[in-house]
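S.K.: Each chain, letter by letter, is given below.
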Amino acid sequence: MKNEIFNGSRFWNYFKYDATQMGRNHLRAAIGIGLSGLILYVIAVGIGLLFQGQWDGPSIKSRILVFYVAGIALQLYQTRTYGYLTDKRKGSAWLMLPASTFEKWLSMILMTLIVIPILFLLVYFCTDALVAALDPTVGNSLLYSFGHGLRDVSSELVGINGEYETTWTVSFFVPGMIAGFCFNYLFFLLCGLLFKKHKILGAFAIIFVASSLFSIVASMLNFNTSVEVNDFAEAEVHLRSIINIVTWVAGLLAAGVAGGIFWRLKTLKH
Amino acid sequence: MITIQNLSFSYGSKGVLKNISMELKGGNIYGLLGENGVGKTTLLTLLCGLKKPATGTIDTDGRVPFDREPSLLAEQFYLPDEVAPMRNKANRFGIENGALWPKYDHSKFLTLLKEFEVDEQQRMDSMSAGQLKKTWIAFALACNARHYFLDEPTNGLDIPSKSQFRKAITKYTADDSCVVISTHQVRDLEEIIDPIIILDKEDVLLNASLQTISEKLFFDYGTEIHPEALYLERTPSGAIQVYPNTTGEESKVNLEALFNAVHAHKDVVKALFQ
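Protein chains in written order, with this note's numbering: chain D, 54 to 323; chain A, 4 to 277.
Honestly, the hints are just simulated from the structure, not real lab data.
Don't be surprised by glycine CBs; every beta carbon is placed ideally from N, CA and C.
Each hint should be verified, as a subset may be incorrect.
To be verified - Label-pair distances were calculated between CB atoms; the ranges are: (1) D:Gly-255 x A:Glu-99: 25 to 33 Å; (2) D:Arg-81 x A:Ser-24: 46 to 54 Å; (3) A:Glu-252 x D:Lys-249: 53 to 61 Å; (4) D:Gly-255 x A:His-109: 38 to 46 Å; (5) A:Arg-190 x D:Arg-77: 33 to 41 Å; (6) D:Val-227 x A:His-109: 41 to 49 Å.
Sequences are here, hints too, so could you generate the full structure?
M.R.: The structure is reproduced here in structure tokens:
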């Protein structure tokens, strides 16, 4: 008798199905968002030629800005990837597919947190690197600039931790960034499953209500955030503890939202 | 076997099904009849696990449909009245979705598409409503499920397709399959549905085989008018009358006349079949 919660071959069958549907319905959108760096480049060169009569690629600042905007656009797009589940016809068909709720949930999480972001980053960084290699007016590729920036941040922290070490910086900031990324993407995915219409608007309404509540609670509890530090070692301890708290909060929120997605799938009715 | 015990369901404060109990056995094609809004679709969605009963239980071969266990999902198929227009060619749809049903037979799917005269290379989101419905019906039957819950399957089908559907449902379902068909188009399906379930607001008015119905009720197609008839409908060739069968004589059940007779004399018919 097969396990009703998780079965390897059944999950693999479902994952392949999910990936195929994802490719068919959302690949173009994900690639389109991934190509926004290239679109910026074409626009910048076009404007340069039109108004200044010279070939001039976009600045590194505008490229980084567009990269973040594209990341946010992809984040908002998560409300659409599985948003069809709230549609009676498509949602009913999906619920009746012979896979367990856990398998469907796991596939959804893998698609949202790994497959789609990796596809986006691959398209974005590859086109960016290609443009940087072919056009010297653009300067370094974004990947190179990010690596360079990381080394700069690490060297700035010499005064705090007493040594120059990129891995220390990475271990310091990256877990929190990953937790924040997971929370953001899963939050918009959950909103796509919760709201039948106006999914993005619904997501922002939740953010507004949650942040208002948080502000009220914080003001009632009268948090004292000012800390006196005597030396850099003490500053490092405080900084580390703040970042640890932020990382844990983001991680717990991401886990909570992932749990919320599972609960939504388990109780979804049509 | 599907056992429904004291099943109730409501949409907010509006009660739909109340304290319903019945058994649905394999080897039958049940016809689920009822007026608009009595809960036929709701009952089907409860049976397949798309909804959770407010009270009462549904037991399908020892399992609870709303748990949506993969082994049960693999043995059942729910076909809604309005089916989804997938962004896919019919053939690819069969291959991709069929991979999830252990007993899916792709050659059967293609055969059915051919019989239904649907182009396997046509995209489903560019099909007419009838073609789309036939594609889903073909897929449902190719899944070789044990339990079928079909909601208005002949809606949107043209006249030849209705005939093809009747043939397909009898030819391509296993002998022990339990098929429940909800329909308003009783004439389309009266040759294949047996037993008949007639739902009323929050009640089951009738759940009986055609054999039992013809034992209890007589369907008179003659011209002589019987004042004791539960239902009388004049036709160009005479009349259809339904009255209690006191002689034991057999007659051909007319589903429309039966439905109208049951609705006009709910208590009399319920007492007759108890």
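S.K.: Compare the structure with each hint and give your call.
M.R.: Hints and how they fare:
no., hint, in the structure
1, D:Gly-255 x A:Glu-99: 25 to 33 Å, "holds (31 Å)"
2, D:Arg-81 x A:Ser-24: 46 to 54 Å, "holds (51 Å)"
3, A:Glu-252 x D:Lys-249: 53 to 61 Å, "holds (56 Å)"
4, D:Gly-255 x A:His-109: 38 to 46 Å, "holds (40 Å)"
5, A:Arg-190 x D:Arg-77: 33 to 41 Å, "holds (40 Å)"
6, D:Val-227 x A:His-109: 41 to 49 Å, "holds (47 Å)"
Checked against the numbered hints above, the structure breaks none of them.
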